[in-house]
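Asks: As a plain string of letters, each chain reads:
Protein chains: 2
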Amino acid sequence: MLDERKLKVLYAIINSYIISAEPIGSRTLSKHYDIGVSPATIRNEMSDLEELGLLNKPHSSAGRVPSDKAYRLYVDSLLNLNNISIDEEKKQKVKSILFSESQEVDQLLQTSARVLSEITNYTALVISPHLENSRIKHIQLLQVSSNQILLVIVNNSDIIKSTIFKVDSPTSSNQLNTISNFLNEKLNGLPLNKLKDVLNMGLLDELYEYKDLLNKVIPVLNESVYEAEDVELYYEGVARLLNYPEYKDINKAKTILSFIEDKDKVLEILLKENLGNEIQIVIGEENVYDQLKESSIVTATYSIDGKTIGKIGLLGPTRMDYYNLINTLRLFSVNISEILEMVFRK
Amino acid sequence: MLDERKLKVLYAIINSYIISAEPIGSRTLSKHYDIGVSPATIRNEMSDLEELGLLNKPHSSAGRVPSDKAYRLYVDSLLNLNNISIDEEKKQKVKSILFSESQEVDQLLQTSARVLSEITNYTALVISPHLENSRIKHIQLLQVSSNQILLVIVNNSDIIKSTIFKVDSPTSSNQLNTISNFLNEKLNGLPLNKLKDVLNMGLLDELYEYKDLLNKVIPVLNESVYEAEDVELYYEGVARLLNYPEYKDINKAKTILSFIEDKDKVLEILLKENLGNEIQIVIGEENVYDQLKESSIVTATYSIDGKTIGKIGLLGPTRMDYYNLINTLRLFSVNISEILEMVFRK
DNA sequence: ATTAGCACTCGAACAAGGGGAGTGCTAATA
DNA sequence: TATTAGCACTCCCCTTGTTCGAGTGCTAAT
Chain A
1 MLDERKLKVL
11 YAIINSYIIS
21 AEPIGSRTLS
31 KHYDIGVSPA
41 TIRNEMSDLE
51 ELGLLNKPHS
61 SAGRVPSDKA
71 YRLYVDSLLN
81 LNNISIDEEK
91 KQKVKSILFS
101 ESQEVDQLLQ
111 TSARVLSEIT
121 NYTALVISPH
131 LENSRIKHIQ
141 LLQVSSNQIL
151 LVIVNNSDII
161 KSTIFKVDSP
171 TSSNQLNTIS
181 NFLNEKLNGL
191 PLNKLKDVLN
201 MGLLDELYEY
211 KDLLNKVIPV
221 LNESVYEAED
231 VELYYEGVAR
241 LLNYPEYKDI
251 NKAKTILSFI
261 EDKDKVLEIL
271 LKENLGNEIQ
281 IVIGEENVYD
291 QLKESSIVTA
301 TYSIDGKTIG
311 KIGLLGPTRM
321 DYYNLINTLR
331 LFSVNISEIL
341 EMVFRK
Chain B
1001 MLDERKLKVL
1011 YAIINSYIIS
1021 AEPIGSRTLS
1031 KHYDIGVSPA
1041 TIRNEMSDLE
1051 ELGLLNKPHS
1061 SAGRVPSDKA
1071 YRLYVDSLLN
1081 LNNISIDEEK
1091 KQKVKSILFS
1101 ESQEVDQLLQ
1111 TSARVLSEIT
1121 NYTALVISPH
1131 LENSRIKHIQ
1141 LLQVSSNQIL
1151 LVIVNNSDII
1161 KSTIFKVDSP
1171 TSSNQLNTIS
1181 NFLNEKLNGL
1191 PLNKLKDVLN
1201 MGLLDELYEY
1211 KDLLNKVIPV
1221 LNESVYEAED
1231 VELYYEGVAR
1241 LLNYPEYKDI
1251 NKAKTILSFI
1261 EDKDKVLEIL
1271 LKENLGNEIQ
1281 IVIGEENVYD
1291 QLKESSIVTA
1301 TYSIDGKTIG
1311 KIGLLGPTRM
1321 DYYNLINTLR
1331 LFSVNISEIL
1341 EMVFRK
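Protein chains in written order, with this note's numbering: chain A, 1 to 346; chain B, 1001 to 1346.
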């Protein structure tokens, strides 16, 4: 269907357009790209490519512009190239930057977003780990003052949730320990998403002498489930989009920026399954949301123990620099995963 | 210096310009505002006001536009009006919204920013409490697993900091309690900002049998100081700025949006002392940073026990709707303070 | 199959001109 | 003496017309 020369022409147009954002004509093409045939021949090829839906004309006497379908063809071939050879030197460079600014998980992700955006010049999107299968590892109640108790819950990723709550009557530390032990016995190893069921099924009845206190603890436990499921979104470099002529129209800029500010929608996109692909690319019209029909999103996963727990991504115009992007995202994906495993699983 | 009629003309121009963003001429002014004199007279007054530096002309045959100095005059008179009569009904309405979505402090602030921006149509900026004078209230070490220990620090605002760290040799819970008690004894009531000094002054020596463990604990304590001082910045409604003609030029939009993304600079502005004023307004050229010379920032404080601990603010073009803004910010200031006191000081 | 040649198309960029909202000045008015 | 009507003038904005050039598609020659 597409012979080598057609591909050559198509890729030349794509590469040119990614750089310049200008429609490109047959003459310019033959001058700057080594196609080996005359402009007239290129024109014929272009005409064929247009018929195939791979090129568009802004108007009848303008040059050609790649269609979303063309980008799809292009990125699929890039992804199939399987050039997973990560530049060790670059990798260490990025790693040391991320490492040096990351005392905590959220800082690591924030920094990643910032650096990713700086390097690529696109808007970076990062979500925090969602630990669907995290399990309760330790529960402890502590006396803080005469009528205040601290509840600490640790899960198997060592993410800690703690809350203080008031009690009406003072409780001895022995009592607290008894309850703590009881809770640990009952709940240790329990997946967080099962916690609600267990709580609903009359865990209370067994330790009815501490009923009042347990009644205080249970809402807090419930809440902690909720928060563990709560995924954070970090984004950086939103203003960078305004560098691209695609968003020079203020209404287009407003559309895309408003969309990015809608965290729920962005999260929805980033939480969608990657279907086993390390890198996922959604181009222009392929996007579900209308506001993104003229933009692309490239995402990569990061993981702990080989299990995907979060994503990083870049948002920009459909003519994104996919080639470099894919490599950069791979770099960050690997680095984030490694740092997470190394540092935060103590 | 400024007789009543001049003020009338000036305020009419300001009000008109705040709504329309268009220069206003003498004829339109006399038609739509009840000045009571002819356009010719208004022209004379305008000419005087221009000489006083209160009005500007975009070009010789255009209407007049208020200067920064005029806005300053205007907002100062607004602030002196002292119409601190807060609409109880509105207040409760906002309060119930904020309340319903705020399980945690950071959520409260995030929601506040969002709602504030929605109501006003400007970009909202909010910083988290900076608890300079927060004191250590409780410290506890806990066994999590055979070689992992959890350190919990509670301050007098009940903000909890907890970290897990590894130890080489298992430690008994008795030992941990001994150290916990020791640390509590030494550090209880200590202001966080004094902690570093105390740590540097050989706290170690007294309990040398646990030296190894203490050496692990101290960096964590140190870090906790750092984090307690770490102020978070939340912003919402950045894209809303693009609605204003002031930012319809893509370069101006880029300038202001890039600035907002620079959290350090924004924090610096928000952390500046309010000098006893509940509401602080910085107009156009009054701003330190060049990127803000065509914008204004209005901030209000929020507090616990009458002590200012954070700020909320709004950013927009110099012709902001100061009158409504001041009242809305007061509303949020009071509500945030009340919710903080009510809910989070358990 | 490829290419040179050519007529044609369309947008971008620039210039010219009319319309309109505004100004400042002067002289008349209360 | 303060106010106002009248008027000439200014300058931006918008529309219209024109040119210029990069690009196309078609046809005929190689």
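Some hints here could point you the wrong way.
[Claimed, not checked] Under the rule of at most 25 Å between Cα atoms (straight-line distance), these lysine to aspartate or glutamate pairs were calculated in the DMTMM-like manner:
1. LYS254/A x ASP1212/B
2. LYS248/A x ASP1230/B
3. LYS293/A x ASP321/A
[Claimed, not checked] Some chain A residues judged to face chain B by a derived CB distance under 10 Å, without partners named:
4. ASN121
5. SER162
6. GLU209
7. ASP212
8. LEU213
9. LEU214
10. ASN215
11. LYS254
[Stated by the list, open to error] A few chain B positions that, by computed beta-carbon distances, are all more than 12 Å from chain A:
12. GLU1104
13. ILE1164
14. ASN1177
15. TYR1247
Treat the hints as calculated values from the structure; they're not laboratory data.
Cβ coordinates follow ideal geometry from the N, Cα and C atoms, glycine included.
Asks: Evaluate each hint against the coordinates.
Replies: A quick look at each hint next to the structure:
| no. | hint | in the structure |
| --- | --- | --- |
| 1 | LYS254/A x ASP1212/B | violated, 57 Å |
| 2 | LYS248/A x ASP1230/B | violated, 36 Å |
| 3 | LYS293/A x ASP321/A | holds, 17 Å |
| 4 | ASN121 | violated, 13 Å |
| 5 | SER162 | holds, 5 Å |
| 6 | GLU209 | violated, 24 Å |
| 7 | ASP212 | violated, 17 Å |
| 8 | LEU213 | violated, 15 Å |
| 9 | LEU214 | violated, 18 Å |
| 10 | ASN215 | violated, 16 Å |
| 11 | LYS254 | holds, 4 Å |
| 12 | GLU1104 | violated, 8 Å |
| 13 | ILE1164 | violated, 5 Å |
| 14 | ASN1177 | violated, 10 Å |
| 15 | TYR1247 | violated, 8 Å |
In summary, the structure is inconsistent with hints 1, 2, 4, 6, 7, 8, 9, 10, 12, 13, 14, 15 from the numbered list given earlier, while agreeing with the others.
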